[in-house]
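Going down the list, the protein sequences come from chains V and H.
Here the numbering used here is used: the first residue of the first sequence is 1, the next is one more, and so on.
Here the numbering used here is used: the first residue of the second sequence is 1, the next is one more, and so on.
Accuracy of the hints is not assured; some may be wrong.
[Stated by the list, open to error] Once the Cα atoms are required to be at most 20 angstroms apart in a straight line, the calculated SDA-like pairs of lysine to any residue come out as:
1) V:K301 / H:R261
2) H:K301 / V:A241
3) V:K301 / H:A263
4) V:K223 / V:G201
5) V:K253 / H:A299
6) V:K301 / H:E295
7) V:K223 / V:A241
8) H:K253 / V:E295
9) H:K301 / V:S206
10) V:K301 / H:N48
11) V:K301 / H:R40
12) V:K301 / H:T262
13) H:K223 / H:I188
14) H:K301 / V:E259
15) H:K253 / H:N48
16) V:K223 / V:K253
17) H:K301 / V:H45
18) V:K223 / V:S206
19) V:K301 / H:E259
20) V:K223 / V:R199
21) H:K301 / V:A299
22) H:K301 / V:R36
23) V:K301 / H:D7
24) H:K301 / V:E295
25) H:K301 / V:A263
26) V:K253 / V:G47
27) V:K301 / H:R14
28) H:K223 / H:L251
29) H:K253 / V:A299
30) H:K301 / V:P44
31) H:K301 / V:K301
32) H:K301 / V:Q258
33) H:K223 / H:T233
34) V:K301 / H:Q258
35) H:K301 / V:R14
36) V:K301 / H:D3
37) V:K301 / H:E242
[As the list claims (entries may be wrong)] Chain H is nowhere near these chain V residues, computed Cβ spacing over 10 angstroms in every case:
38) S26
39) A43
40) S110
Keep in mind that the hints were calculated from the coordinates and are not lab data.
The structure presented is a predicted model; accordingly, all values stated were derived computationally and were not measured.
Glycine is no exception: its CB is placed at the ideal position from the N, C-alpha and C atoms.
Protein chains: 2
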Amino acid sequence: MLDSQADALVVAARSGDQRSLARLVSLVENGSPDLRPVMRAVAPHTGNARVVGLTGSPGVGKSTVTDQLVRAYRAAGQRVGVLAVDPTSPFSGGALLGDRVRMQDHATDSGVFIRSMASRGHLGGLSWSAPQAVRLLDAAGFDVICVETVGVGQAEVEIAGLADTTLVVMAPGLGDSIQTAKAGILEIADVFVVNKSDRPGASELSRDLRSMLAMAGHDKSWKPPIVLTSAATGTGIGELAERVADHWEWLGKSGLRQERRTARAREEISAIAVADIRRRLGGLPGESRLDELAERVAAGKLDPYTAADDLLAE
Amino acid sequence: MLDSQADALVVAARSGDQRSLARLVSLVENGSPDLRPVMRAVAPHTGNARVVGLTGSPGVGKSTVTDQLVRAYRAAGQRVGVLAVDPTSPFSGGALLGDRVRMQDHATDSGVFIRSMASRGHLGGLSWSAPQAVRLLDAAGFDVICVETVGVGQAEVEIAGLADTTLVVMAPGLGDSIQTAKAGILEIADVFVVNKSDRPGASELSRDLRSMLAMAGHDKSWKPPIVLTSAATGTGIGELAERVADHWEWLGKSGLRQERRTARAREEISAIAVADIRRRLGGLPGESRLDELAERVAAGKLDPYTAADDLLAE
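The shape of chain V in the complex, shown without the other chains (with noise of 0.2 angstroms):
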């Protein structure tokens, strides 16, 4: 792609052209060197986005939290884009979280754009690729870009660490969802949802919730809230945007907003300088240095180490 027709692209996804944003977001997903181009094209016009990142087990209902809450933004005059990651799927290929169906209710909204993207396990996944789907949604000019992924483990920090605010979305009745949740829950949100609120033992998970915040303490002064919803009837999602706007707003005066950004800046510059140097140490399976090694460690004439060492000195 020449760097006019990227610019081009740029400058149609800018102005609203939904279909435009949807091939430079594939461009992301296929890995493609056009996006080099593109990147240099939309850089000016990025940092303006609030990124919410939305994450949990399965079936806590998370598409119908960040359904509600785009209607929410959406009734404040603002521009919302969403991203549904699915970090458990990485052979398949999009649309796995439903946008199709998703979609249709804001089928005739241009002020909404829903994509879902597959981690197809090549170039270091996600942290490689959703960085860059984010970017080019800040730069078409969304308001506000909510990051939706099924809580595993790695990809559930890397979304965390993507986002400004990040909500762990929990509901009662999946009894493991306080035994996953494990410490490292605590480290990522900002905001805790108990969705399903109206089932029973809402209660009892706020509270088990609640105590768990308190062992752990606060090293900072942002203590998370606890905000209970039933996002099938809309309960609670008011309260839920403010507290993301308080969140936002403490974000701006600890100073954290920007750290938080120039962290993520760096995951960013890092993850491409690193699959950049993969592809180079890669080469063609069958023909590069890199195979002779790895027959020799197969073999045990070799260790990977002393292997890793000679790859990288030539």
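We have chain V; now place chain H onto it with these hints.
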């Protein structure tokens, strides 16, 4: 650690001293620089163990299946190592899958070594640490190494890349098992295990699996068998061990065994090289060129690709 100390530790581990082996595995978990001399010392002793991967959703009974397999292999006079890898808990550090409890069953049996490893999220996570831990157990003379992990996408695929034979464990009554399984599972499973087969829905689950397999077709001569087990009572474990043995034999005949092991070494060398480079690129936060670039990218003054180029040019 001096080369002589590393050598002594390796000699002790190879002579059956489990504390020495545990110390070596801890070096991997901690990303210790002492791994270099250790890996040099173990290289000539590797390549003998069979690596069996077990993956599946939480609740399907993976650990029980693993435990029964361990018993079966022990009954056949084989030494067995178990690595329980928990990719969902990058924070915590060890003992998450209850290895202490599980150890007690085999506490007096020096032919069994059980260890859980958390993915600490540094240095490239599981793709960096798991193969090195396997390498240590291999060198310590275990005939079979079972690597058990929760099935969550990317990690699952990495573990499959590590094993000679990958078992995908499922159970009836976890509504989502086929749903979440999707296409990916077909690509990694060498043997399907339908555990808890005494429960309602087991035959439907096998039938669904069979038709999924039929639809997918097979481009290679190995057709993944489906084995029904009830690991709590040991039912079906004998057959499972036979199917695993069949697969091992097939791998040898087809030449794929060597191919897979070379591919594994390839990934291992790459992961070490990339971790090395990442360390060099990162420098200390606040002091490095990367931070300076990250600030400019966060401010929209620079795109991340140009920043990555700049970083690599140094």
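- Item | Hinted pair K253 of chain H and N48 of chain H, Cα distance within 20 angstroms | With Cα atoms ~17 angstroms apart, K253 of chain H and N48 of chain H stay inside 20 angstroms; holds.
- Between K253 of chain V and A299 of chain H, is the straight-line Cα distance small enough, at 20 angstroms or below? 18 angstroms, holds
- Query: Holds or violated: are the alpha carbons of K301 of chain H and A241 of chain V at most 20 angstroms from each other?
  - Reply: 31 angstroms, violated
- Message: Would the hint linking K301 of chain H and S206 of chain V be met if the CA-CA limit is 20 angstroms?
- Response: 43 angstroms, violated
- Query: Going straight from one Cα to the other, do K301 of chain H and E295 of chain V come out at no more than 20 angstroms?
  - Reply: 45 angstroms, violated
- Message: For K301 of chain V and Q258 of chain H, compute the direct alpha-carbon distance and say whether it is at most 20 angstroms.
- Response: Distance ~14 angstroms between K301 of chain V and Q258 of chain H Cα, so the pair holds.
- Would S110 of chain V pass as off the interface with chain H, using Cβ distances and a cut of 10 angstroms? 24 angstroms, holds
- With a cut-off of 20 angstroms on the C-alpha distance, tell me whether K223 of chain V and S206 of chain V pass. 14 angstroms, holds
- Assess, step by step, whether the Cα of K253 of chain V is no farther than 20 angstroms from the Cα of G47 of chain V, and give holds or violated. 17 angstroms, holds
- Task: Take a quick look at whether K223 of chain H and T233 of chain H sit within 20 angstroms of each other, Cα to Cα.
- Result: Status violated; Cα separation ~27 angstroms.
- Would you check the hint for K301 of chain V and E259 of chain H, treating anything up to 20 angstroms between C-alpha atoms as holding? 16 angstroms, holds
- 20 angstroms Cα cutoff - pair K301 of chain H, A299 of chain V: Distance ~49 angstroms between K301 of chain H and A299 of chain V Cα, so the pair is violated.
Hint compliance for this structure: hints 2, 4, 6, 9, 20, 21, 24, 31, 33, 37 and 39 are not met, and every other hint is.
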